[in-house]
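Given the sequences, and given the hints that come with them, work out the whole structure.
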Amino acid sequence: MTSSPPAVPPGRDRRSRRDSRVGDKIFFNLTRGSGILLLVIMAAIAGFLAYRSGLALSKDEGNFLTTFEWTPDAPKPVFGIAVLAFGTIVSAVIAMAIAVPVAIGVALFISHYAPRKIAQPFAYLVDLLAAVPSIVYGLWGALFLVPHINGLTSWMDQYLGWTYVFSQTVPGATPRNLFTVGILLAIMVLPIITAVTREVFRQVPRMHEEAALALGATRWEMIRTAVLPFGRPGIISASMLGLGRALGETIAVATVLSANSVLSLHILDPGGGTFAQNIALKFGEAQPFGRDALMASGLVLFVITLVVNGAARLIIARRKEYSGAAA
Amino acid sequence: MSTVTATASPSEPLVRRELTTARLPKWAPLGTSVLAITLGCGIGAGAGLGSHLQWGLISAVLFLILSYALAAKVEGRRQAKDRFATSVVWVAFILAVVPLASLTIYTIQQGIGVVNGNFLSHSMKNVISSGPGGGIYHALLGTLEQVGLATAMAAPIGLMTAVYLVEYGKGRLAKVVTFFVDVMTGIPSIVAGLFILSLWNILLGFDYSGFSGSLALAILMMPVVVRSTEEMLKLVPNELREASYALGVPKWKTILRIVIPTAIGGITTGVMLAVARITGETAPVMMLVFGADFINSDPFNGPQQSLPLYIWQQYALVNNDFGYARAWGAALVLIAFVMGLNLIARGIARWRSPKSGH
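Those protein sequences? They're chains A and B, same order as listed. 1 is the number of the first residue of the first sequence in the numbering used here; add one for each residue after it. 1 is the number of the first residue of the second sequence in the numbering used here; add one for each residue after it.
To be clear, the hints were calculated from the coordinates, so they are not data collected in a lab. Bear in mind the structure is a predicted one, so any value in this text is a computation, not a measurement. In this text, a Cβ means the ideal position worked out from N, Cα and C, and glycines have one as well.
Dumping the calculated DSS-like pairs for lysine-lysine here, alpha-carbon to alpha-carbon at most 25 Å:
#  : chain 1 : residue 1 : chain 2 : residue 2
1  : B       : 26        : B       : 73
2  : B       : 234       : B       : 175
3  : B       : 251       : B       : 175
4  : B       : 170       : A       : 25
5  : A       : 117       : B       : 26
6  : B       : 234       : B       : 170
7  : B       : 251       : B       : 170
8  : B       : 170       : B       : 253
9  : B       : 251       : B       : 234
10 : B       : 234       : B       : 253
11 : A       : 25        : B       : 175
12 : B       : 253       : A       : 25
13 : A       : 25        : B       : 251
14 : B       : 81        : B       : 26
15 : A       : 76        : A       : 59
16 : B       : 234       : A       : 25
If you want a taste of the chain B side facing chain A, the calculated C-beta under 8 Å gives, among others:
#  : residue
17 : 86
18 : 99
19 : 164
20 : 179
21 : 194
22 : 252
23 : 283
24 : 315
Quick look at the structure:
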C-alpha cells in the first residue's frame with residue numbers, strides 16, 4: 001500500500017555519505033583554524049612587542065619606570081614612561097569622572113524618563129555618534145573646544161587655584177592640557193558607555209519596578225531600589241570598556257595636547273603626554289632603536305588595556321550567570 | 001453620640017490634608033528651567049564671563065538647586081528628591097547632547113564650503129600645501145583600497161570563527177576564543193599598528209604600503225565581525241537546523257545553505273559597522289601607510305594616502321587656515337561616509353532581521 005521511497009543506488013549513497021563526512025571534517029577544521037588564528041594573533045602581538053621591548057630595555061640608560069625624558073635616539077639612550085603613565089591615568093580618570101555619571105543619566109533618560117517619541121530616535125542617534133572617527137573628535141577638540149574652554153580654565157585657575165591641582169603656572173595659557181584632553185575623552189567614550197548601560201537598564205525585570213511603584217515609591221526611589229542595583233555590574237563593565245578606549249585613544253589626544261616631558265600636578269598647564277599620543281608623535285622621527293623603545297611603551301599600554309578589558313568581560317560573564325539573561 | 005461628632009469634625013480636615021499633599025503645577029519644571037537659564041545668562045553676562053560654556057554650567061547648577069528647593073518647600077523631601085533626580089537626568093541628557101550636536105554642526109559648517117567636485121577629484125600633487133587648492137582624491141582612493149583589503153581578510157576569518165563558536169564550540173578552546181575575542185575588541189589601534197610594524201616591516205622587511213596598513217586594520221576588524229556574527233547566528237532558530245538534519249543534509253551544508261543565508265542580513269550589518277569603525281582609524285595608518293601627496297592606486301607598493309591620515313597631516317603638518325579648511329572638508333566626507341555606512345547597515349538589519357528563535 002504505502003509507496004516506498006525511491007531506492008537510492010547503494011554506491012551513490014555511500015559516496016555521498018563519505019563526502020559529507022569529509023566535508024564536515026574540512027569545514028570544522030577551517031572554522032576551528034580561524035578561531036585558533038585569532039588566538040595566535042593575540043599571542044603574536046604580545047610576543048613581538050615583548051621581544052622588541054626587550055631589545056630596547058636592555059640598552060636603556062635611565063630607569064624605564066621613573067625616567068621623564070624620552071630620548072632613545074640620543075648617543076646615550078634615556079627613556080622612561082613616568083610622564084606617559086601619569087598623563088594616561090590622569091586624563092582617563094578625568095574622562096571617567098565626567099563620562100560615567102553623565103552616561104548613567106543619559107541611559108536612564110532613554111530607558112525610564114524620556115517620552116517614548118524622543119527616546120527611540122535619541123538612542124539611535126547616540127549609537128550613530130559612537131561611530132564618529134576619533135580624528136574628527138580630535139580636529140573638533142583642537143579647533144573648537146580648546147578656544148571655547150579657555151574661559152573655564154582661566155576661571156578655575158582664578159577661583160580654584162588654591163587647590164594646587166587647578167592652578168596655572170602661566171595664567172590664561174592655551175588649554176592644550178590634560179584637563180581638556182580628559183573632557184574630550186569623556187565626550188568620546190560617552191556614547192559607548194551609554195549604549196551598554198542602556199541595554200542593561202532595559203533588561204531590569206518589569207516586576208521589580210512595578211513592585212517598587214506599588215509600594216508607593218517615587219520614580220527615583222524605584223530606580224534606586226530596583227534599577228540601579230540590578231544594573232550595577234553592567235554599569236561597571238560598561239565603564240571599564242569606556243576606560244579601555246580612553247586609555248588607548250591616540251589621535252584625538254595627539255591633536256589636542258601640546259606634549260612635553262614634564263610631570264606636573266597642575267593639570268591645567270599645557271604639557272604632559274600619554275602612551276598612545278607619544279607613540280604617534282615620536283614615531284615619525286624615530287630611528288630603528290627609537291622604534292623599539294616606542295614598542296616598549298606600546299607593550300605597557302597593551303597590558304593595561306588587556307587587564308581592564310579582561311576584567312570588564314569577566315564581570316559581564318559573571319552577571320549572565322546570576323541574572324539568567326543568558327537563557 | 002455627641003462626643004463622637006465633636007471629635008470627628010475637627011479631625012476631618014486634618015485627615016484630608018494628609019491624603020493629598022500640595023503638588024507643584026505641571027509647568028513647574030519648564031518654568032524653573034527658564035528661570036535658571038535666564039539667571040545663568042544674567043550672571044554670566046553680568047560677571048563678564050567670556051566662555052558660553054560657563055553660562056550653561058551656571059544655568060544647569062541653578063536649575064538643580066531651584067528645582068530641589070521649590071519641591072522641598074511645596075511637596076516635601078521625598079518628592080523633592082524625586083524631582084531632583086529627574087532634573088539631574090535631564091541635565092545629563094543636555095550635557096551629552098550639546099557637545100555631540102556641536103561636533104556635528106561645526107563639522108558640517110566648516111566642511112560644506114570646501115567640498116566640491118574639484119576637491120573630490122584632485123590630489124595634492126604639485127599643490128603648495130601652505131596655499132589653497134588641492135583635494136582628497138588620492139586619500140579617498142587609498143582609504144577605499146585599504147579598507148577593502150582589510151575587509152577581504154577580516155570578514156571571512158571573523159565569519160568562520162563565529163561559525164565555530166556558535167555551531168561547534170563546546171569545549172575549553174571555544175571559551176578561550178570567546179574571551180580573547182572580547183579582549184581583542186579593546187586593543188588600542190596604535191598597538192595593532194606597532195605589531196604589524198614589528199612583524200611585517202621590521203622582521204619581514206616590507207616597505208610602507210597600503211597593504212601593511214590594511215593588515216593592522218584587519219586585526220582591529222576581526223573581533224568586531226566575530227561578535228556581531230555570533231549574535232546573529234544565535235538568533236537562527238534551532239528548528240531550521242533540525243529540519244535540515246532530518247532531511248539528511250550534512251552539518252557543513254546546513255550551515256552554508258541554511259544557517260548563514262538566514263542570518264545574512266545581520267551578518268552584513270555587522271561587517272558594515274566594522275568597516276565603518278576601521279575607516280576612521282588613524283594611528284595604524286599613520287605608521288604603516290605613511291601618506292603621500294600623489295595618487296598611488298597600487299596598495300602593495302609604496303606609500304599611499306588615507307582620509308584620516310590626510311586630516312591629521314593637514315591639521316598637524318600644514319597647520320594653517322588652508323590646511324584646516326582641507327582638513328574640515330575631508331572630515332565632512334569621512335563622517336558622511338561612516339554615517340552613511342551606519343545608516344545603510346542598520347537599514348539592512350531592520351529589513352532582514354531573523355525572527356528570534358525559541
